[in-house]
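Going down the list, the protein sequences come from chains X and S.
Quick note, the first sequence lines up with residues 1 to 114 if you use the numbering used here.
Quick note, the second sequence lines up with residues 115 to 349 if you use the numbering used here.
Read the hints as simulated data drawn from the structure, not as lab findings.
A portion of the hints provided could be inaccurate.
Using 27 Å as the maximum straight-line C-alpha spacing, the simulated DSSO-like pairs for lysine-lysine come out as follows [to be verified]:
| id | chain 1 | residue 1 | chain 2 | residue 2 |
| --- | --- | --- | --- | --- |
| 1 | S | Lys-279 | X | Lys-85 |
| 2 | S | Lys-129 | S | Lys-157 |
| 3 | S | Lys-196 | S | Lys-329 |
| 4 | X | Lys-85 | S | Lys-129 |
| 5 | X | Lys-85 | S | Lys-224 |
| 6 | S | Lys-128 | S | Lys-157 |
| 7 | S | Lys-182 | S | Lys-200 |
| 8 | S | Lys-228 | X | Lys-85 |
| 9 | S | Lys-143 | S | Lys-329 |
| 10 | S | Lys-200 | S | Lys-129 |
| 11 | S | Lys-155 | S | Lys-128 |
| 12 | S | Lys-182 | S | Lys-224 |
| 13 | S | Lys-155 | S | Lys-143 |
| 14 | S | Lys-128 | X | Lys-85 |
| 15 | S | Lys-224 | S | Lys-329 |
Treat the numbers as computed from the prediction; the structure is a model and nothing was measured.
Listed below are the residues making up each chain.
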Amino acid sequence: MVRSITNLSRSGLSDWMLQRLSAVILAAYTIFIVAFLVKNPDLQYAQWAQLFSQGWVKIFTLLTVLSVLVHAWIGLWTVATDYIKATFIRFVFLLVVALTLFVYVLATVTALWG
Amino acid sequence: MLVSVYRYNPETDKKPSMQDYDLEIPAGKDLMVLDVLHLIKEKDDSVAFRRSCREGVCGSDGLNMNGKNGLACVTPLSEVVKPGKKLVIRPLPGLPVVRDLIVDMSTFYKQYEKIKPYLINDEPAPAIERLQSPEERAKLDGLYECILCACCSTACPSFWWNPDKFVGPSGLLQAYRFLADSRDTATEERLADLDDPFSVFRCRGIMNCVNVCPKGLNPTRAIGHIRNMLLSSAT
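My request is simple: use the sequences and hints to build the entire structure.
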């Protein structure tokens, strides 16, 4: 068993599972947004506001951004542990990734309920 | 025919280099790459390479021929090089070179050792032998044939980047060979040893291993089976 303290869930199996689950959510949200854009060719602020005033859209959006967090962390953690061999540089890279994802989540929450 | 061979002697050379040999290939025959290496050895006996059985059984002469890993003894020239073109022979990629075409396989063997490549059975041994039904035995087909030539693992980028952590296609094929064996009782311990983000899950399914295996085995499928076993043991 290889020990690791920086991957998302400690277990390779749950990381693998989470990446697939989050991918399904991301795909569903992409289809939802693309469908909305296609249905509303000349989009105005009012339509956006109307869409995001619905509770389920807010929850779906938050769920999607949390999926981005999970998906991106697992993916970029994998890329970093593959290609960045110097521990300190990898640590800095992952810190930047973590911070960026944290800001994404915070910005989304503020935009949705602010 | 022009053959370019990777040369490196750590005692005398600062850097590895490629050396060209112009060979007369006997007409009317499709020589194996190993025969070509022997022709080179006749000209220049300082070229070092491993070989033993010369018929694809021992797994000693795993090499990189025109970019593709394989066993030199069972790879005909017609398969790796077009007529009139150059043949480039390099050692297996991703492992330290001992000399010329000889690589240090320690990390590869260490991964093999990690998966406990032997039957573990706590039940008292029967008087004669542990029997298997033909169906149980059939599960080992496509797994037991691995000769540990390292062609697959050294063709795998995940193994290149993490040879100390990712078990590699060869080791995982062997891991599944023991997980699938009806006489082995250590399934849970074996699975627990593999459930980290590196050992199995570094496999990204690019199937280089399947592409190069000289025995026609399918490590990617075995890795999929291990993943399914991990899933069903966990939920």
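We went through each hint and held it up to the structure:
Distance restraint check for Lys-279/S and Lys-85/X: the Cα-Cα separation of roughly 13 Å lies within the 27 Å cut-off, and the hinted pair is therefore satisfied. For the given pair, Lys-129/S sits about 23 Å from Lys-157/S by alpha-carbon distance, which is consistent with the 27 Å threshold. Between Lys-196/S and Lys-329/S the CA atoms are separated by roughly 23 Å; this keeps the pair inside 27 Å, and the hint holds. Of the pairs offered as hints, the one joining Lys-85/X and Lys-129/S holds, with about 23 Å between alpha carbons and a cut-off of 27 Å not exceeded.
Proposed proximity of Lys-85/X and Lys-224/S is supported: the alpha carbons are some 21 Å apart, at most 27 Å. Distance hint between Lys-128/S and Lys-157/S is fulfilled; the C-alpha atoms sit about 24 Å from each other, no more than 27 Å. With a C-alpha separation of about 14 Å, the suggested pair Lys-182/S and Lys-200/S falls inside the 27 Å cut-off, and the hint holds. A hinted pair counts as satisfied when its Cα atoms are at most 27 Å apart, and Lys-228/S with Lys-85/X qualifies at roughly 23 Å.
About 23 Å separates the Cα atoms of Lys-143/S and Lys-329/S, which keeps this hinted pair within 27 Å; it holds. Distance hint between Lys-200/S and Lys-129/S is fulfilled; the C-alpha atoms sit about 22 Å from each other, no more than 27 Å. For the proposed pair Lys-155/S and Lys-128/S, the alpha carbon gap of about 23 Å is at most 27 Å, so the pair holds. Distance restraint check for Lys-182/S and Lys-224/S: the Cα-Cα separation of roughly 24 Å lies within the 27 Å cut-off, and the hinted pair is therefore satisfied.
Among the hinted pairs, Lys-155/S with Lys-143/S is consistent with the structure: their alpha-carbon atoms are about 19 Å apart, no more than 27 Å. Annotation: proposed proximity of Lys-128/S to Lys-85/X holds, straight-line Cα distance about 24 Å (limit 27 Å). Pair hint Lys-224/S plus Lys-329/S holds up; C-alpha atoms about 22 Å apart against a cutoff of 27 Å.
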